[in-house]
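Asker: Sequence:
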Amino acid sequence: MAYASLYKWSLEDPNGFWMKAAEQIDWVSPPSKALFDEKEPFYEWFADGQVNACWNAVDRHVEAGRGKQIAIVHESPITHSSKGITYAELQARVASLAGALRAKGVEKGDRVIIYMPMIPEALEAMLACARLGAIHSVVFGGFAAHELAVRIDDCTPKAIIAASCGLEPSRVVHYKPLLDQAIEEASHKPDFCVIFQREQEVAKLIEGRDVAWHTFQYGVEPAECVPVEGNHPAYILYTSGTTGQPKGVVRATGGHLVALNWTMKAIYDIDAGDVFWAASDVGWVVGHSYICYGPLIAGATTIVYEGKPVGTPDAGAFWRVMQNHKVKTFFTAPTALRAIKREDPQGALIQDYNLRNLKALFLAGERADPDTIVWAQKNVGVPVIDHWWQTESGWAMAANPLGIEALPVKIGSPSLPMPGYDVRVLDEGGHQLEAGQLGAIAIKLPLPPGTLPTLWNAQDRFVKSYLTHFPGYYETGDAGYIDEDGYIYIMARTDDVINVAGHRLSTGAMEEVLASHEDVAECAVIGVTDALKGQSPLGFLCLNKGSNRAAEDVVKECVKLVREKIGPVADFKRACVVDRLPKTRSGKILRGTMVKIADGQEFKMPATIDDPAILDEIRVALEAVGYPRA
1 MAYASLYKWS
11 LEDPNGFWMK
21 AAEQIDWVSP
31 PSKALFDEKE
41 PFYEWFADGQ
51 VNACWNAVDR
61 HVEAGRGKQI
71 AIVHESPITH
81 SSKGITYAEL
91 QARVASLAGA
101 LRAKGVEKGD
111 RVIIYMPMIP
121 EALEAMLACA
131 RLGAIHSVVF
141 GGFAAHELAV
151 RIDDCTPKAI
161 IAASCGLEPS
171 RVVHYKPLLD
181 QAIEEASHKP
191 DFCVIFQREQ
201 EVAKLIEGRD
211 VAWHTFQYGV
221 EPAECVPVEG
231 NHPAYILYTS
241 GTTGQPKGVV
251 RATGGHLVAL
261 NWTMKAIYDI
271 DAGDVFWAAS
281 DVGWVVGHSY
291 ICYGPLIAGA
301 TTIVYEGKPV
311 GTPDAGAFWR
321 VMQNHKVKTF
331 FTAPTALRAI
341 KREDPQGALI
351 QDYNLRNLKA
361 LFLAGERADP
371 DTIVWAQKNV
381 GVPVIDHWWQ
391 TESGWAMAAN
401 PLGIEALPVK
411 IGSPSLPMPG
421 YDVRVLDEGG
431 HQLEAGQLGA
441 IAIKLPLPPG
451 TLPTLWNAQD
461 RFVKSYLTHF
471 PGYYETGDAG
481 YIDEDGYIYI
491 MARTDDVINV
501 AGHRLSTGAM
511 EEVLASHEDV
521 AECAVIGVTD
531 ALKGQSPLGF
541 LCLNKGSNRA
551 AEDVVKECVK
561 LVREKIGPVA
571 DFKRACVVDR
581 LPKTRSGKIL
591 RGTMVKIADG
601 QEFKMPATID
611 DPAILDEIRV
621 ALEAVGYPRA
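Last residue of the sequence shown? That's 630 in full-length UniProt numbering, and every number before it is there in order.
Possibly wrong hints are sitting among the right ones.
[Said to hold, decoys possible] Simulated pairs of lysine to any residue, SDA-like, Cα-Cα distance not exceeding 20 angstroms:
(1) 39 / 467
(2) 326 / 356
(3) 464 / 485
(4) 444 / 486
(5) 359 / 336
(6) 104 / 214
(7) 308 / 585
(8) 265 / 6
(9) 39 / 556
(10) 189 / 206
(11) 588 / 246
(12) 556 / 516
(13) 308 / 172
(14) 308 / 174
(15) 308 / 200
Worth flagging that the hints you see were computed from the coordinates, not collected in a lab.
Start from the sequences, fold in the hints, and give me the full structure.
Answerer: Listed below in structure tokens is the structure:
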């Protein structure tokens, strides 16, 4: 079936559509139906089925005779090492770790926090929890002690699995002192901690609480897979909340397996045996869905990359990995491509590598500006597919489904909604807007399988955060429009739509114009308080490496460009050139924090910030252009 027919089927007959998709999963006991809507708005999928996520990601491929296939490739340009783990080896390693956890009392429903860098053992820890029916919560390795403590108190883990350290190009990140401090600060105390000692740093273990990874597993009986209900939580993943208190997004096991398996072929065109690489981190939703579970459920080879897009050793790092491991489909954040483009504007390094196996390059995480997409299309020579999703959704809400039908690409759009997502654009009153009109993007309930059914221990907050503003809809927090052909355009977060003298304007549209300037590598636009007009846009420009233009000249040209492309109504008059933009570790630009600095407001240091020192640079740049205003 072509895309249009599948999409129509998914909305008109969700039970039929998703029960068909569920046939591709190994069930211990199949569900009686797909959608359980008795507790709406807390919809559940495959609730009465019995299943195990680890079996579907590992054991079934060994049973099918593909145990010798590489399941995980670990590529670390920092340690100059590359190794592969077969499905049979992965099965043995995961069963051993699960057996050791079981011997220490970890059972179905217990929580386990995982605090690890980009090493195969992080995936093994996730899968070992899934094997037992334990609920894992991966916290980005190196996360601040206080933020880790908050997560310990929220999910009350029986155990914590951590590594001794993480590695950055220029330093060792000491995980164990952060972990010790977090446990000391937290009210809840785990029963025990398992520490994977890396050769770059051997951490001091606390007697009676800590045990080394290999010692822990010595002499234990490997564990078999424990069946769980389809609505049993597979994991909790914390995402930043507007209150500063993290929100624990829950992922239910049955829908998680069915949806991810469906996406691997339908969206990414990946079959068993193909090589898939998502250049993200296990601490983010992309790492859960498309480094760990998705590729392994599909029987593909997944790459765990401990490095950067630039600097390990250069802007050719990604292309080298793709060449060496014959990557078929690659997935990264636009910010990573922009970093490569800034270092290598002409794409010269790409020509040094043979990318004949690469069939598609997918982007998500931040809005993919057209200039970056055009650069990648020209230099990489494969389809560049923007797609849109969130931590809450777990998989793409809008995409170009290459495995079903390659739709025409419209640059600036993540294409069309995926099955199960009934996407609408609403005004403040919840009325549906016409094609081309900018508004809040919402999804008619129920959401499809694999999305969040609730927040951990916070049903009221789940309803308030996502379901109250537009009754009957999930509020995405994104703003944009849908064109005459049904293509979705995500222009900004709803709080990044600024109101200039009564005109609702998208900062994303302005960023698109700025990014088209030949000297601009990356940019951001924020709305700052203006006594006369309510808000006024302010731009931040990062210039291409090697650009020798005077900053004031580039700013003048950019101001003129926005005036020409968007018009005087945008009131775009001010911009400053900076070396870099403040971002989260996953690559999202911290626009909200920049607004607070510009407006002279107090702010809480974002827990996910990559480098807090950047905020001082932003403050200096703002002062140079007269902010904050007296």
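Asker: Below or equal to 20 angstroms on CA atoms is what counts here, so check residue 308 against residue 200.
Answerer: 18 angstroms, holds
Asker: For the pair supplied as a hint, residue 104 and residue 214, confirm whether the alpha-carbon distance does not exceed 20 angstroms.
Answerer: 15 angstroms, holds
Asker: Within 20 angstroms, alpha carbon to alpha carbon, are residue 588 and residue 246?
Answerer: 16 angstroms, holds
Asker: Is the straight-line distance between the alpha-carbon of residue 326 and that of residue 356 20 angstroms or less?
Answerer: 8 angstroms, holds
Asker: Within 20 angstroms, alpha carbon to alpha carbon, are residue 359 and residue 336?
Answerer: Distance ~19 angstroms between residue 359 and residue 336 Cα, so the pair holds.
Asker: Regarding the pair residue 39 and residue 467, is the alpha-carbon distance no greater than 20 angstroms?
Answerer: Measuring from Cα to Cα gives roughly 14 angstroms; hence the hint holds.
Asker: CA of residue 265 to CA of residue 6, is that 20 angstroms or under?
Answerer: Roughly 14 angstroms separates the two Cα atoms, so the pair holds.
Asker: Does the structure keep residue 308 and residue 174 at a Cα separation of 20 angstroms or less?
Answerer: 19 angstroms, holds
Asker: Would you check the hint for residue 556 and residue 516, treating anything up to 20 angstroms between C-alpha atoms as holding?
Answerer: Satisfied, since the Cα-Cα distance of roughly 14 angstroms is no more than 20 angstroms.
Asker: If you draw a straight line from the CA of residue 189 to the CA of residue 206, is it 20 angstroms or shorter?
Answerer: Given that 20 angstroms is the threshold and the Cα spacing comes to 13 angstroms, the pair holds.
Asker: Hinted pair, alpha-carbon criterion (20 angstroms max): residue 464, residue 485. Please report holds or violated.
Answerer: Between residue 464 and residue 485 the Cα gap is close to 33 angstroms, so the pair fails against 20 angstroms, i.e. violated.
Asker: Taken at face value, is the distance from the CA of residue 172 to the CA of residue 308 at most 20 angstroms?
Answerer: 15 angstroms, holds
Of the numbered hints listed earlier, those contradicted by the structure are 3, 9.
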